[in-house]
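One letter stands for each residue in the lines below.
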Amino acid sequence: MAAYLTIDSAHQAVVDLLVSSSRTSSLAARAKTGPFSELRQVAVFAAALGATLNRDRLPAPSDQKIRDTVLLDAKGALELSFALAYRRANWDLAVIADGEESLAARVSALEEYACGGLDFLSERLIDLGATTSALELLMDAKKQVTLRDTELPASDTIDHDEDPVISALRRRGKLRNIP
Amino acid sequence: MHFVSLRMHNWRQYLGTQEPIFFSTDPDKPITLLLGPNGSGKTGLLNAFTWCLYEDFTAGFGQPESLIHDLAVAAGGDPYVEVELTLDDDGDEFTVTRRRRLIDDHSTVRVTRRPGSGKARAGETLEASVNDVYNFLPRSLKDVFFFPAESLQTLSITDGVVGHGLDLRKAVESLLGFDTYTRASSNLNTAVQANMLRTAQQLRDQTIEAAKTRWEETKQELDLLRQRRLQLPDLIAQAKDELDRATEKEREHDEAAIEAWVTERDRLREDRDGAKNALEAAQTRINGFVRETHHALYADAVIEDAVRALNAAERGGKIPPSVSSDILDRLLEEPDLPCVVCGRPMDDEAHEYVSFLRDQVTDSNVAANAMNIRGQLRTWQRTLRQQAADAAQALDVDADSLPVALGGLISRLTDAADDNVIAARAALTEAEAALAEFESEDRDVPDADASQKAVAHLRGCERHHNELVRELDGMQAALDEAATRENAAKLDYEKKAQKQQEYHQKQVVQTLLSDTAEVFDRIAQEMKRYGQQDFQRALNQLYRQMINKPYKLEVAENFMVRVLVNDKDRAPSQSEKTALTIAFLGAVAGLAPQYRSILTREGLGDMGNVRLGKDAFPVVLDAPYSPFDETYAGTITNAIGDLATQLVLTTSKDSLRHINKIGDRVGRAYVLHVRTNSESLATEGDSARDFVNEVVEWRGKSQPYVTIDESVPDVTTNIEAC
Chain D
1 MAAYLTIDSA HQAVVDLLVS SSRTSSLAAR AKTGPFSELR QVAVFAAALG ATLNRDRLPA
61 PSDQKIRDTV LLDAKGALEL SFALAYRRAN WDLAVIADGE ESLAARVSAL EEYACGGLDF
121 LSERLIDLGA TTSALELLMD AKKQVTLRDT ELPASDTIDH DEDPVISALR RRGKLRNIP
Chain A
1 MHFVSLRMHN WRQYLGTQEP IFFSTDPDKP ITLLLGPNGS GKTGLLNAFT WCLYEDFTAG
61 FGQPESLIHD LAVAAGGDPY VEVELTLDDD GDEFTVTRRR RLIDDHSTVR VTRRPGSGKA
121 RAGETLEASV NDVYNFLPRS LKDVFFFPAE SLQTLSITDG VVGHGLDLRK AVESLLGFDT
181 YTRASSNLNT AVQANMLRTA QQLRDQTIEA AKTRWEETKQ ELDLLRQRRL QLPDLIAQAK
241 DELDRATEKE REHDEAAIEA WVTERDRLRE DRDGAKNALE AAQTRINGFV RETHHALYAD
301 AVIEDAVRAL NAAERGGKIP PSVSSDILDR LLEEPDLPCV VCGRPMDDEA HEYVSFLRDQ
361 VTDSNVAANA MNIRGQLRTW QRTLRQQAAD AAQALDVDAD SLPVALGGLI SRLTDAADDN
421 VIAARAALTE AEAALAEFES EDRDVPDADA SQKAVAHLRG CERHHNELVR ELDGMQAALD
481 EAATRENAAK LDYEKKAQKQ QEYHQKQVVQ TLLSDTAEVF DRIAQEMKRY GQQDFQRALN
541 QLYRQMINKP YKLEVAENFM VRVLVNDKDR APSQSEKTAL TIAFLGAVAG LAPQYRSILT
601 REGLGDMGNV RLGKDAFPVV LDAPYSPFDE TYAGTITNAI GDLATQLVLT TSKDSLRHIN
661 KIGDRVGRAY VLHVRTNSES LATEGDSARD FVNEVVEWRG KSQPYVTIDE SVPDVTTNIE
721 AC
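If you're matching them up, the sequences are chains D and A in order. Read in order, the letters of the first sequence correspond to residues 1 to 179 in our numbering. Read in order, the letters of the second sequence correspond to residues 1 to 722 in our numbering.
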């Protein structure tokens, strides 16, 4: 069963601002429309923003939906959806198992963070005014959001249970070379 | 009409210029007698008349090509023969002089007229035409008025009036005047059938109209061209003036200043356009960069977390698992299998431990996905980093100053791209401002438009002037061509119109000619009938005077004469025939002036009642006695004496005894005096010594007739009056 990413209708204005119209060719028009050419690109960007802001929520039901196969074909969508779902699962690898459940979890993670990111952008757009250009909005967002560094240390600090086989071998003094 | 005189020069036997023969004009003594021996030139004298008047000869005239006396020819120089005949016609004296030089092929004739007293220009000698003479002495009467002796014997008018070199019927018809109408009718009928009156096919009116329209069109075209040619010099002069003015006006503009201004304006426009393009490029660049990388700005940390988590899982032995979940699943499913490590049978504790391990070991599918995804995440990071590096290069950002983290890197590059946009926008604003200032009204802007307009106007004037000059250059050829077309159209129209006109005219003419011919035919028939009556009456009158016999002469339609006695045909004797011929001549000569008067006065109504009068035309009768013996001499003499006309009679002295009987009718007499040597006279068997001089006696006077002169190299005849 296919999974869908829903765009909350409350975000329509900011979505229209960020997605350029293919029919718009004038310089002035392009300045007022966004750099993104597809809705799914906006969704991926917004999800990354929402994850940075730790803002996520379920979107209100809407007719504007993106099917999973279409969504995950967007640049960075697959990678970001996994990362978000993986983090949400508290680094449980099960979330990357094959199957509809894990796919739905990844799409859902992307959807909810995207909704959070679009919430933020909509709020900023209101603050900046209706004449704000897409680029101005994006640059404002960049100023407003402090980029966070990775949450995990580069060394292995994640508390994983040691492989029992390795533990058993260790107890028997068979793994002297393994730290 | 009567003869006045005849003068000959080198004519046949008459060497040199002869004394003129003056003909008797006394009505009581109408005969002029010319006495000459054989060979003296009596027949030659008769033909002097016919040659002079008609350049023709009587039947049987020998050697007509030798007209000039042999001695005259032998004498060399520029010999010629000339005959001069003077006639009187109703007081007007005509002199016909015909001359032919030996070296010429034909003769020349000169005719003069001297009007008689009481007429205009009386006494003056006026140039005239031989046709004036033919009016009263037509050629057709030649055979009647100049009658050779032989014809008296050979021609029998009871057998026919045509033959033996004579055509008396034609003469009579001519005399009576109706031959003109007969001939005219015949000619008219011939003319009706002539090619020239053959009507061609009638052209349709619309064909004519179309040809006329075409002609008018070409004519109008030609007229317009001619008018245009007349106008062109003025138009060219006007165009030249306009061109000069345009040139002057164009010079008023400072071309260098305008060019500098335009160059500067163009440069500013190029700057503005370049700034526009730069801004557009900057916007395109930042849009592309944002589209491709902006999600990474925030996603980088999340992705990096996932990578690190996966790395930790790997170090924790979660991926890939140290014991395959598949092996553990099999050991659990088949408890009898030995330990895969030590090979000993596995007890319950061992199986419990396997079950524990299975719960701890990552699912092989998840492990595989994890490994795969980690690879994808790292690929994503590498790709994004490479894009950032490319963008940095495109944005000309120092690579050493860039953050290491991908998010920071993209943030920095986005700022740089945005700075570029801002800078480009500022540059555009500046360029537009500079251009606006340059083009603002405050500046001293050269009127480039006016200059361009002046130049354009100048070029237009040049073109117009050149076109007019070229038109004038080619005008003559165009005119010639148009004239040719017009002429061809005109000819075509005229030809067609003429053809149609000819068609109508010919129809009219044909009808007219046919009608006229019919009228002429009727006139001729009537004239012939009445003329025949007149001629028959005159002939009977004369013949009855000549021979006192109860003969009645009947003139047939062809003017053949029948001799009737008591309404029965009678064959006349030879002497009666001769008298009849002379009477015939006399009737013609007698009626001639009457009919001439009728035809001149248009008194055709008199026809049928015309009688012989005192006036009669002259007759030249050549040696009438010579063909006959003594039996007929009396008849001839009587006949001659009864001819009430001027008669020129040539004869030999042998006939004098007969002539003397009508001697009182002789008004003038001449001797044709022959000078010759004996040898010339000699014929076969003769001896020169037998010849002696002869004289002739006339009215008691003796005159030389033949003179034997051995010094004379050839026969010569001199006219000598008695």
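Note that these hints are calculated values from the structure, not bench results. A hint or two may mislead.
[To be verified] Taking lysine to aspartate or glutamate pairs in the DMTMM-like style, the calculated list, with each CA pair at most 20 Å apart, reads:
id, chain 1, residue 1, chain 2, residue 2
1, A, K212, A, D492
2, A, K240, A, E467
3, D, K142, A, E467
4, D, K142, A, D419
5, D, K142, A, D418
6, A, K490, A, E292
7, D, K75, A, E292
8, A, K549, A, D569
9, D, K75, A, D390
10, A, K701, A, D654
11, D, K142, A, E209
Each hint, compared with the structure:
With a C-alpha separation of about 9 Å, the suggested pair K212 of chain A and D492 of chain A falls inside the 20 Å cut-off, and the hint holds. At roughly 12 Å between alpha-carbon atoms, K240 of chain A and E467 of chain A fall within 20 Å of each other, so this suggested pair holds. With a C-alpha separation of about 73 Å, the suggested pair K142 of chain D and E467 of chain A falls outside the 20 Å cut-off, and the hint is violated. Restraint check for K142 of chain D and D419 of chain A: the C-alpha separation of about 14 Å stays at or below 20 Å, so the hint holds.
For a cut-off of 20 Å, the pair hint linking K142 of chain D to D418 of chain A stands: about 12 Å separates their Cα positions. For the suggested pair K490 of chain A and E292 of chain A, the alpha carbons sit about 89 Å apart, so the restraint of at most 20 Å is broken. Our distance criterion of 20 Å between C-alpha atoms is met by K75 of chain D and E292 of chain A, whose separation comes to about 8 Å. About 14 Å separates the Cα atoms of K549 of chain A and D569 of chain A, which keeps this hinted pair within 20 Å; it holds.
Proposed proximity of K75 of chain D and D390 of chain A is supported: the alpha carbons are some 18 Å apart, at most 20 Å. Of the supplied pair hints, the one linking K701 of chain A and D654 of chain A holds, its CA atoms being roughly 16 Å apart against a limit of 20 Å. Taking the CA atoms of K142 of chain D and E209 of chain A, the gap is near 97 Å; set against the 20 Å cutoff, the hint is violated.
Checked against the numbered hints above, the structure breaks hints 3, 6 and 11 and satisfies the rest.
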